[in-house]
Amino acid sequence: MKALGLILAGGNNHRMKELSQKRAIGAMPIAGSYRSIDFALSNMSNSHIQKVGVITQYNAGSLHTHLSSSKWWDFGRKQGGLFVFTPNMTPENSNWFRGTADAIYQNMNFLKSSHEPYVIITSADCVYKMDYNELLEYHIDKKADVTVVVKDMDNIRDVDRYGTVKMNEESRICEFEEKPVIAKSNTISCGIYVIRRRLLIELLERCAEEDQYDFVKDVLIRYRDVKRIFGYKIKDYWRNIASVEDYFETNMDFLKPEVREYFFHEYPTIYSKVDDLPPAKYNVGSGIKNSLVASGCIVNGTIEDSIIFKKSYIGSNCYIKNSIILNDVYIGDNVHIENCIVESRGTIAANSYYKGENGINIVVERNNRYMI
Amino acid sequence: MIKKEMIAMLLAGGQGSRLGVLTSKVAKPAVSFGGKYKIIDFPLSNCINSGVDTVGVLTQYQPLRLNSHIGIGIPWDLDRNVGGVTVLPPYEKSGNSEWYTGTANAIYQNIEYMESYNPEYVLILSGDHIYKMDYEVMLDFHKANNAEVTIAVMPVPMEEAKRFGIVIADEDKKIQDFEEKPEQPRSNLASMGIYIFNWKTLKESLYELANQSSLDFGKHVIPYCHSQGKPLYAYEFNGYWKDVGTLDSYWEANMELIDIVPEFNLYEEYWKIYTTSDSLPPQYFSSDSAVERCIVGEGSEICGEIYNSVIGCDVKIGKGSVVRDSIIMNGVVIGENCELNKTIIAEQVQIGDEVKAGIGEAADNETAPHIYNYDLVTIGEKSVIPAQVTIGKNVCIFGCTTLEDYEERNLPSGKTLIKAGDKQ
Chain A
1 MKALGLILAG
11 GNNHRMKELS
21 QKRAIGAMPI
31 AGSYRSIDFA
41 LSNMSNSHIQ
51 KVGVITQYNA
61 GSLHTHLSSS
71 KWWDFGRKQG
81 GLFVFTPNMT
91 PENSNWFRGT
101 ADAIYQNMNF
111 LKSSHEPYVI
121 ITSADCVYKM
131 DYNELLEYHI
141 DKKADVTVVV
151 KDMDNIRDVD
161 RYGTVKMNEE
171 SRICEFEEKP
181 VIAKSNTISC
191 GIYVIRRRLL
201 IELLERCAEE
211 DQYDFVKDVL
221 IRYRDVKRIF
231 GYKIKDYWRN
241 IASVEDYFET
251 NMDFLKPEVR
261 EYFFHEYPTI
271 YSKVDDLPPA
281 KYNVGSGIKN
291 SLVASGCIVN
301 GTIEDSIIFK
311 KSYIGSNCYI
321 KNSIILNDVY
331 IGDNVHIENC
341 IVESRGTIAA
351 NSYYKGENGI
361 NIVVERNNRY
371 MI
Chain B
373 MIKKEMIAML
383 LAGGQGSRLG
393 VLTSKVAKPA
403 VSFGGKYKII
413 DFPLSNCINS
423 GVDTVGVLTQ
433 YQPLRLNSHI
443 GIGIPWDLDR
453 NVGGVTVLPP
463 YEKSGNSEWY
473 TGTANAIYQN
483 IEYMESYNPE
493 YVLILSGDHI
503 YKMDYEVMLD
513 FHKANNAEVT
523 IAVMPVPMEE
533 AKRFGIVIAD
543 EDKKIQDFEE
553 KPEQPRSNLA
563 SMGIYIFNWK
573 TLKESLYELA
583 NQSSLDFGKH
593 VIPYCHSQGK
603 PLYAYEFNGY
613 WKDVGTLDSY
623 WEANMELIDI
633 VPEFNLYEEY
643 WKIYTTSDSL
653 PPQYFSSDSA
663 VERCIVGEGS
673 EICGEIYNSV
683 IGCDVKIGKG
693 SVVRDSIIMN
703 GVVIGENCEL
713 NKTIIAEQVQ
723 IGDEVKAGIG
733 EAADNETAPH
743 IYNYDLVTIG
753 EKSVIPAQVT
763 IGKNVCIFGC
773 TTLEDYEERN
783 LPSGKTLIKA
793 GDKQ
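Going line by line, the protein sequences match chains A and B. In this text, residue positions in the first sequence follow our numbering: the first is 1, and each later residue adds one. In this text, residue positions in the second sequence follow our numbering: the first is 373, and each later residue adds one.
None of these hints come from the bench; they were simulated from the model. Where hints are given, some of them may not hold.
[To be verified] Stretch by stretch, here's where chain A covers chain B in the computed footprint (C-beta under 8 angstroms, at least three residues):
no., segment
1, 405-412
2, 626-639
3, 650-656
[Said to hold, decoys possible] Lysine-lysine pairs mimicking DSS-like chemistry, simulated, CA-CA at most 30 angstroms apart:
no., chain 1, residue 1, chain 2, residue 2
4, A, Lys289, B, Lys534
5, B, Lys465, A, Lys256
6, A, Lys273, B, Lys688
7, B, Lys375, A, Lys71
8, B, Lys754, A, Lys256
9, A, Lys289, B, Lys397
10, A, Lys129, B, Lys688
11, B, Lys375, A, Lys321
12, B, Lys691, A, Lys289
13, B, Lys714, B, Lys397
14, B, Lys691, A, Lys321
15, A, Lys289, B, Lys688
16, A, Lys78, B, Lys376
17, B, Lys688, A, Lys78
18, A, Lys273, B, Lys575
Each residue gets a CB set at the ideal place from its N, CA and C atoms; glycine is no exception.
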C-alpha cells in the first residue's frame, strides 16, 4: 500500500455526556467485544497499510491501554508499525493540540520521515469497514488533491455536528460547510480523507504560519475552490458514535443479522485486543432473548434486546431490557434495568430499579462490590 | 552465555486412542476442552504463570493442528527473544534415525535442545491433563529437599489406586518404592506424570539407558535413578487434576465446568488459561432461544435451546433444536429442530435439520466397546450428518455421511459409521 495511516483520536465530545468522562471516544466499547478505534485500525491493517500513527489527547488512558500492544491489528512488525502521538513539550512548543491540523502539524516528523506518497486520515469514532485501496484508486483516478469520504444520510438528526458537502456531477466538492445550523444538503463528510503526503505537509505548514489549526475549516473549506477536492461515497454501513443516541443505536444495530454478518463474518473481519476471558456462563434461571453477550460474563437472569459487554455478572432474577451493560459490571439480584447504558466497572446493588423514561439513561454506580 | 534455571519439556506426541474418533485427525493435546480451549493450553498456561518461559513441545502423532495452535507462542506470551516455545518433532539423524519410541526416548533425542539453555532443572510435563499448578512451588520443594528427582503425586481413593502408578514415600516425602498399577496398593499417592529433574541427573540417566527400547520415564528412568540411590521426593498436589484420557472422563470434566461454582474455576483472575482466539465477536441469542447451565464461546449464534452443555466458538444452533448434556466444539453448524442428547461433536461438523441423536436403548458398541460404551454419541471432526436421521447411543460417526448410510434414516445404538478416506 502506498499510503500511511493517521487516526485522529484526540477530541472530546460533550454529546457523549457521562460516557466521555472515563475515556476518549476512540476507546468506547462497541458491539460487546470491540472498541471504536478497532474499526479504523482493522481497516488500515486489512488494506495492508503498514505504518499508522494514532493522535491522542483527551482522556487517553483507556485508549493507550487498548493500544499497549500493536500485535492484535498485525502492526507489530519491523516494517512500519503503530505509533501513538500525544501532546509533547519541546523547547519550541508547549501547546496542547489546538485542532486537527495542529495535531498533525506538531507531529510533522512522522510525515516527513515517511516515504509513502499518500496519507489516509480517519477518525477513531466511526464504525465502518472500508478497503482504503479502492479509495486511493479513486483518488488517483480523479486526479484529486484531496478526497473526502462522504455519505448520504437519510436521517439528518444532528446534522449540525457534521460537515455537509455538495458535489457537482463529476463528484467534485463545490460546497463544504462545517456544522451548519440549517443543512443545505444531506451528504455529510465521514471524516476520512486521502491526500498526497507532500501536499499535506505544505498545507499544514501554511496553516501553522497563519496560526490556523483546524483541518476541515482551515484546509478543506479554505481551499475548496483552488484545490481539486472530491467526494467518495460510502454505500455500506457507516456510523459515527459521538453522541449518546448514536452510540446506543450503533450498538443496537448489531442485533440485526445483516450487520453481524457484515462485520463479524464477512472477510476481512475486525480485530481487537485479546483479553483471554473464559467462555460466558449461563446458570439456572438465565434466559437470553435477541441479545449479544461477550465472553467472561456470568448470567443468572433474563436479558432481552440488550448487549452485555465482557466480564459482567448478572445476578438472579434480574431483568435487563433494551440496555447496554459495559465491561466488568456487577449487577446484584432482583435488579430491573430498562433503556439504560450502565457504565463500565459499575456495581449495581441488589433490588435496584433503573428505567430510562424519555430516552436512554446513563447509569454510573460506584457501590462497593464486595459489601453487597 | 544463555542460562535458564528451569526449562519445561512437554510431551504432546501421543494419540490418545481412547478418545476414539476425536483423535483420528489430531493429537490428544490438541483436542478441544471447555468450549474454547485445547487440552495443551492448561500445561502451557501453567508454565508461563509459573515463570517458566522456555518450553519444548515434543510432537509426533498428527502434529498439524498442534503446530498451528502453538505457532510462535503468542497467546501464552511464549514468543521470547531467548527461550519461548519450540516445537520438537522427531528428525532424521546421520546415524540411527527413529521415531520417538517412548516418553524418555523423546527427551533423549532432544538433549541438544535442552543443553542449549544450560538449565539447572528440567520439568517434564505431559500434554493431556486438566489442572492448574504452580511449578515454581514444586521447584522450591525440590530445592528445599536437595532432591535430584521430584515427582508430583496426588492422593487418590484407595480403591482406585490400582489404576495408577503408585509412589510409596516416608514422612519426609522421600520416595521409598514404586508400584505400577498394583493389585494391593501400599499407598494412595498416584504419580501425575510431572517430574522435575536436576539436568545433570537426567542427562546421565538418559545416556546410561539410551539403548533401552521404548525408553519410558515411569518404567525405566525413575526406577533407574532410584536404584542408583539418588534422592527422589514426592511433591503432593491437592488441587483439581483430571486425566481426560477416556470419553467418559473427558465428558465428565467438561460437564464439571458448568457447575455453579466449579471445582476447576476458569473465572479466577490470577491464574488465567490462555489460548489462541480465532474468534472475537460476542455470542448472539435469538428471541427463540433458551439457555441454562451452559458455557458458550465467542461468536456463537444460538437460535435453539441449550441445557447442561459446553458450546465452543462460532457454533450455530438452528431454531427449534434442543441440545442437552452435550459438548459442541468450534465451528459446528446444527440445523433446525434437532434433538441432541449426550453428544460430543468435534470441530466443524455439519448436522442437517431434524436430526435426533442419543435416542433409545443403549447397546454395546460393535467395534470398540471399551472406547464408546458410555451412552454417548461421538462425532469426529468435519463430519456431515444428513437431515432427518435418528442416531442411537454408544455410536460413533466420522466422515461425510449421506442418507444411504442410514438404513431407514436410522443408525441404531452401538453402530460405528466411519467413512474414512472420503473427501471432506
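Against the structure, the hints:
Counting residues of the segment 405-412 of chain B whose beta-carbon sits less than 8 angstroms from any beta-carbon of chain A gives 3, enough to reach three: the coverage restraint holds. Note: the segment 626-639 of chain B has 4 residues with beta-carbon separation from chain A under 8 angstroms; the three-residue rule is met and the coverage holds. Under a criterion of three residues with beta carbons nearer than 8 angstroms to beta carbons of chain A, the stated coverage of the segment 650-656 of chain B is upheld, 5 such residues being counted. A C-alpha spacing of about 50 angstroms is found between Lys289(A) and Lys534(B), which places the hinted pair above 30 angstroms, so the restraint is violated.
With a C-alpha separation of about 58 angstroms, the suggested pair Lys465(B) and Lys256(A) falls outside the 30 angstroms cut-off, and the hint is violated. At roughly 24 angstroms between alpha-carbon atoms, Lys273(A) and Lys688(B) fall within 30 angstroms of each other, so this suggested pair holds. Note on Lys375(B) and Lys71(A): the hinted pairing holds, with a Cα-Cα distance of about 28 angstroms set against a maximum of 30 angstroms. With a CA separation close to 29 angstroms, the supplied pair Lys754(B) and Lys256(A) stays within the 30 angstroms bound.
Between Lys289(A) and Lys397(B) the alpha-carbon distance is near 37 angstroms, which puts this suggested pair outside the 30 angstroms criterion. Taken as a hint, the Lys129(A) and Lys688(B) pair is honoured in the structure, with Cα atoms around 24 angstroms apart against an allowance of 30 angstroms. Restraint check for Lys375(B) and Lys321(A): the C-alpha separation of about 57 angstroms exceeds 30 angstroms, so the hint is violated. With a CA separation close to 13 angstroms, the supplied pair Lys691(B) and Lys289(A) stays within the 30 angstroms bound.
The straight-line distance between the Cα atoms of Lys714(B) and Lys397(B) is roughly 22 angstroms, inside the 30 angstroms bound, and the hint therefore holds. Note on Lys691(B) and Lys321(A): the hinted pairing holds, with a Cα-Cα distance of about 22 angstroms set against a maximum of 30 angstroms. Distance check on the hinted pair: Lys289(A) and Lys688(B) sit about 16 angstroms apart at the alpha-carbon level, within 30 angstroms; holds. Distance restraint check for Lys78(A) and Lys376(B): the Cα-Cα separation of roughly 27 angstroms lies within the 30 angstroms cut-off, and the hinted pair is therefore satisfied.
Of the supplied pair hints, the one linking Lys688(B) and Lys78(A) is violated, its CA atoms being roughly 39 angstroms apart against a limit of 30 angstroms. Distance check on the hinted pair: Lys273(A) and Lys575(B) sit about 42 angstroms apart at the alpha-carbon level, beyond 30 angstroms; violated.
Comparing the model with each earlier hint shows violations of hints 4, 5, 9, 11, 17, 18; every other hint is respected.
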